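In case you want the letters, here they are:
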Amino acid sequence: MTYVPHTDADVREMLATIGVNSIDELFADIPEDLRLKGELRIPSRLDEHQLMRHMAGLAAQNLDLSQVTCFLGAGIYDRYIPASVGAVISRGEFLTAYTPYQPEVSQGYLQTIYEFQSMIAELYGCDLANASMYDGPTSLAEAALMACSLKRKDIVVMSEGIHPHARQVMETYAWSNEVEVRTLPLKDGQTDLSQMPEGAVLLIQNPNFYGVIEDLAAARAAADSQGAMLVVSADPTACGLLKAPGHYGADVVVGEGQPLGIPMGLGGPMLGLFACKQEYVRSIPGRIVGRTHDAQGRPGFTMTLRTREQDIRREKATSNICTNEALMALASTVYMSAVGKNGIRSVATSTVQNTQYAIKVLTEAGGKLKFPNARVFGEFVLTLPKPAAEVRDALLSHGILAGLPLGPYLAGGENDLLVAVTEIRTQEEIDDFARALREVLNG
Amino acid sequence: MKPIPLIFEKSRPGRIGCNLPKADTPEVDVQAILGETRDAVAWPEIGELDMLRHFTNLSHRNYGIEIGFYPLGSCTMKYNPKINERTAGLTGFTHTHPMQPEETIGGFLEVYASCMDILKEITGFDDITMQPVAGAHGELACLMLIKAYHESRGEGAQRRVVLVPDSAHGTNPASAARCGYVVKTIPTAEDGNTDLEALAKELGPDTAAFMVTNPSTLALFETNITKVCQMVHEAGGQVFCDGANMNAMVGTTRPGDHGFDCMHLNLHKTFSTPHGGGGPGCGAIGLKSHLAPYMPGPVITRNDAGQAVLDHDRPHCIGRVSGFFGQSLMAVRALTYFLAYGREGMSSISRYSVLNANYVKARLKDVLPAAHDRPCMHECVLTAKQYKEYGVRALDLSKALIDYGFHPPTNYFPLIVPEAFMIEPTETEAKETLDAFCDALIEICELAKTDPDALHAAPTKAIVGRLDEAAAVKNLDVRYQPA
Amino acid sequence: MNVPGDLKYTKSHEWVRIEGDTATIGITDHAQSELGDIVFVDLPNEGRQLGAEEVFGSVESVKAVSDIYSPVSGEVVEANGTLGAQSELVNSDPYGQGWLIKVKLNGEPEGLLSASEYEATL
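Sequence lines, in order, name chains D, U and V. Throughout the first sequence, residue numbering follows our numbering, covering 1 to 443 in sequence. Throughout the second sequence, residue numbering follows our numbering, covering 1001 to 1483 in sequence. Throughout the third sequence, residue numbering follows our numbering, covering 2001 to 2122 in sequence.
Simulated from the structure, these hints should not be mistaken for lab results. Note that the structure is predicted; figures quoted are calculated from it, not measured. Every residue, glycine too, gets a C-beta built ideally from N, C-alpha and C. One or more hints might be untrue.
[Unchecked claim] When the alpha-carbon atoms are kept at most 30 Å apart in a straight line, the in silico DSSO-like pairs for lysine-lysine are as follows:
| # | chain 1 | residue 1 | chain 2 | residue 2 |
| --- | --- | --- | --- | --- |
| 1 | D | K316 | V | K2102 |
| 2 | U | K1388 | V | K2102 |
| 3 | U | K1474 | V | K2102 |
| 4 | V | K2011 | D | K316 |
| 5 | U | K1184 | V | K2011 |
| 6 | U | K1431 | D | K37 |
| 7 | D | K151 | V | K2063 |
| 8 | V | K2102 | V | K2011 |
| 9 | U | K1227 | D | K151 |
| 10 | D | K360 | U | K1022 |
| 11 | U | K1010 | D | K277 |
| 12 | D | K316 | D | K277 |
| 13 | U | K1022 | D | K368 |
| 14 | U | K1385 | D | K316 |
| 15 | D | K151 | U | K1201 |
| 16 | D | K151 | V | K2104 |
| 17 | U | K1288 | D | K37 |
| 18 | V | K2063 | U | K1388 |
| 19 | V | K2063 | U | K1184 |
| 20 | U | K1449 | V | K2063 |
| 21 | D | K153 | U | K1184 |
| 22 | V | K2102 | D | K151 |
| 23 | D | K243 | U | K1010 |
| 24 | U | K1385 | V | K2011 |
| 25 | D | K37 | U | K1227 |
| 26 | V | K2011 | U | K1201 |
| 27 | U | K1002 | U | K1474 |
| 28 | D | K316 | U | K1474 |
[Claimed, not checked] If you only want the chain U side, here are some residues facing chain D, beta carbon under 8 Å, derived:
| # | residue |
| --- | --- |
| 29 | P1026 |
| 30 | A1040 |
| 31 | C1075 |
| 32 | F1093 |
| 33 | T1096 |
| 34 | A1136 |
| 35 | A1176 |
| 36 | V1183 |
| 37 | P1187 |
| 38 | G1251 |
| 39 | G1326 |
| 40 | A1340 |
Required output: the full structure, derived from the provided sequences and hints.
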């Protein structure tokens, strides 16, 4: 009865009030043959000390990336997280609250969501943002399906520069909705927009999976040539320096919010970002918080445009999403407030600086840029004279997680390594990487 | 109390709220490297202490389980053990990347596999996947598996209808629509069970699935469940169990034994991972072996040596439904919770949650009678219709509870109960808390007859009164605009 | 509840005013009162062909949405543009300024209720 506070006396009194003799009687509606006989075949209970030791033992069986130097990115980044983020989201008032359906007792959370929406809309250059989606890939898929429904056309055009996992999620959602997915190939690392097929929407990622900055003005024009909407999946950190997708006229901007103060945590929980133009506000998935007032004129916040949602609109809802990633959105709100206007520019600038330095020393150490003419932000593809997976494994024994071998993702990419360099890498760490790489390549 | 200004309004040029790392590599011409760059992002500039005060002060205006009783029906607001937060905070978990080599995440794969082993045993299903990241996402994943199954039998085009009871959560029809299905509604019979005649009439060669919540949203165990499953199967359809009410069944009865083909679980309800103000959730699904080939990837399994590994050989996999493995850090919390109860204590979850719900129902029977006169499961659905003649609605009673320091229960759901008042106490509440809540509610119900206006004005002790939600829609303000 | 005698009605709470070959359509006083504060009205484009009993739009309050069914068949010749900014007119003046659409009839309307027949359904 680990977390159950009942004493025997409590139980006796409660049963008497109910008018039954045993707890078993309360289960009378469950047919006898459906009741479980005997104990479950699961492990025995552990006390709190044993629990901590057991779980720490499991944690120790993972490679803890705080103990190595991490150059693995591919959409999930090892970035600085201010200590204040953890302090705020572990407060019980936030951590143990439900969705703020009762605004009178949820003003604190509602205000943080309004602030979150404001910061994301500003970052992405959009009119508005919702209160969050599950993760970047599902946010992208929902945006695509929204576009299909607005355009009454069941075709999605997807760049091959989108994260392969996001593409797989899109394929799954498209299959179940009988939507066709047409892909646009890459040319020199950038999406080839010259042959835009007919479709409801063009999906593109910036920077793309290979770190390359896409031509969003050209993407807008390509989408327009087919009367399609433009959905951009944008890295939030890169938006600290790059012109926002909204600036180029993106209809919807989505993204993975993890770089904004959320631990990598084996990829979950993450934070789906979703921002768009005002004209789509009645069609978007997910919750939205708005500012209003009470009868006495006091300002307050409440969830709004609720009739889009599943509990009211049922099968006609704009999406089935209900629970989102509120706590992760709060984490990112604290992050965005802590780094602020100048901090995000500094994070992005340090990322570019470190990336340029890494390109220099790693190419000197024997790697070659796969897309030498492309502009990159914080990540790049290095072609090695040896299979990238072997090199990655060899470098791990030097305490360096070198990146993602691209063999499984890129045809003929066995020797390609996707390397990410965030703001927290030091010159010394990058030099060590180059030194070890040289050793591995010459060894 | 005064409103707390937006954090933007506290911004002063030049301040920063953290001790930010800065690259020590040689400076570069960013403009030349990136091409176009933007103007500064207009995020606030605020010092660390003032930034923390902002969020701390906001937290004081928010209600959580750790503040008081949170009897929100259908939401299972139970205690979220602190030890779960500690284990999930271990850097061996937090500092792992979903694309680092498989050989270096053995501990995490074991966490997942252990959760899956335990969930299989608790639910009676053959397989579990934890890739869905929320309850509605789990529903969607189940429907996708059902779709793949029908397609594999050449019946994909024909089976286009998903049946949903009129008492269902809105996510059920919404998930069916999101999966490309047509939705038809099945009425509930007088006794609270599924109307079998109506079901029989709708079942046919176009039936893809029937989505059943068991115990139902009326908090009643579907006594005909075996029969229901049999009828749907005879028509060639599949039966999905909405696991929102799993708390009533843990260690007592197993949906896999009822005849269901698949179900979703809300680990953030039943298995104590925190709701976090509306997420992250964790929507594991259980399924029978005939649906297993279609499970979304990546699939975690145990090899012959019992070691947790990824199964790369899944030719019929529907693909991914989310970016990576699922809500990994939530799986750590759930495993911590499972092991804290263990086989000795697991059934106390259902037993004491059902005891608490029946106790509240008994204590309130004179002021708020149950919608159905049967033992309730882990929550009770009461009706406040008797106060309508005084001009008092269920919502008015709920708002008055706020002034007594309690979070309101769920109102107006299920839709088929007039003035529904749905209370879910959970097993972690002590008798004296339930008594204090019932005492308050009895007093409020008395007030409903003697001073209805007082209830219309409630809450009066909260930060704000009832908000003008019509104005919120008409004068949409969802984003700060600098003056 | 206000049920003007000179209009025709449907069981689904729409009213119709027929003048020549044009029908003006709205929702009844009863319907607006059940819905509460109306915050949004979704109306069809001009030129759309409607069949009788076809859904042509919806009215929304904060917590409910109600589909609106066409009582007649014909072509939409005008939608009430004022409601875009002033949806509350459907509450305050359901039979007047709160009208929804005008339809050019392509046949004699059938199966409509008189005011007293409609009142009997409430």
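Tested hints:
no.	hint	verdict
1	K316/D - K2102/V	holds, 26 Å
2	K1388/U - K2102/V	violated, 38 Å
3	K1474/U - K2102/V	holds, 25 Å
4	K2011/V - K316/D	holds, 23 Å
5	K1184/U - K2011/V	holds, 22 Å
6	K1431/U - K37/D	holds, 28 Å
7	K151/D - K2063/V	holds, 27 Å
8	K2102/V - K2011/V	holds, 19 Å
9	K1227/U - K151/D	violated, 44 Å
10	K360/D - K1022/U	holds, 19 Å
11	K1010/U - K277/D	holds, 27 Å
12	K316/D - K277/D	holds, 22 Å
13	K1022/U - K368/D	holds, 27 Å
14	K1385/U - K316/D	holds, 29 Å
15	K151/D - K1201/U	violated, 36 Å
16	K151/D - K2104/V	holds, 28 Å
17	K1288/U - K37/D	holds, 21 Å
18	K2063/V - K1388/U	holds, 19 Å
19	K2063/V - K1184/U	holds, 22 Å
20	K1449/U - K2063/V	holds, 27 Å
21	K153/D - K1184/U	holds, 25 Å
22	K2102/V - K151/D	holds, 26 Å
23	K243/D - K1010/U	holds, 26 Å
24	K1385/U - K2011/V	holds, 26 Å
25	K37/D - K1227/U	holds, 21 Å
26	K2011/V - K1201/U	holds, 26 Å
27	K1002/U - K1474/U	holds, 25 Å
28	K316/D - K1474/U	holds, 21 Å
29	P1026	holds, 6 Å
30	A1040	holds, 5 Å
31	C1075	holds, 5 Å
32	F1093	holds, 5 Å
33	T1096	holds, 5 Å
34	A1136	holds, 5 Å
35	A1176	holds, 6 Å
36	V1183	holds, 4 Å
37	P1187	violated, 15 Å
38	G1251	holds, 6 Å
39	G1326	holds, 5 Å
40	A1340	holds, 5 Å
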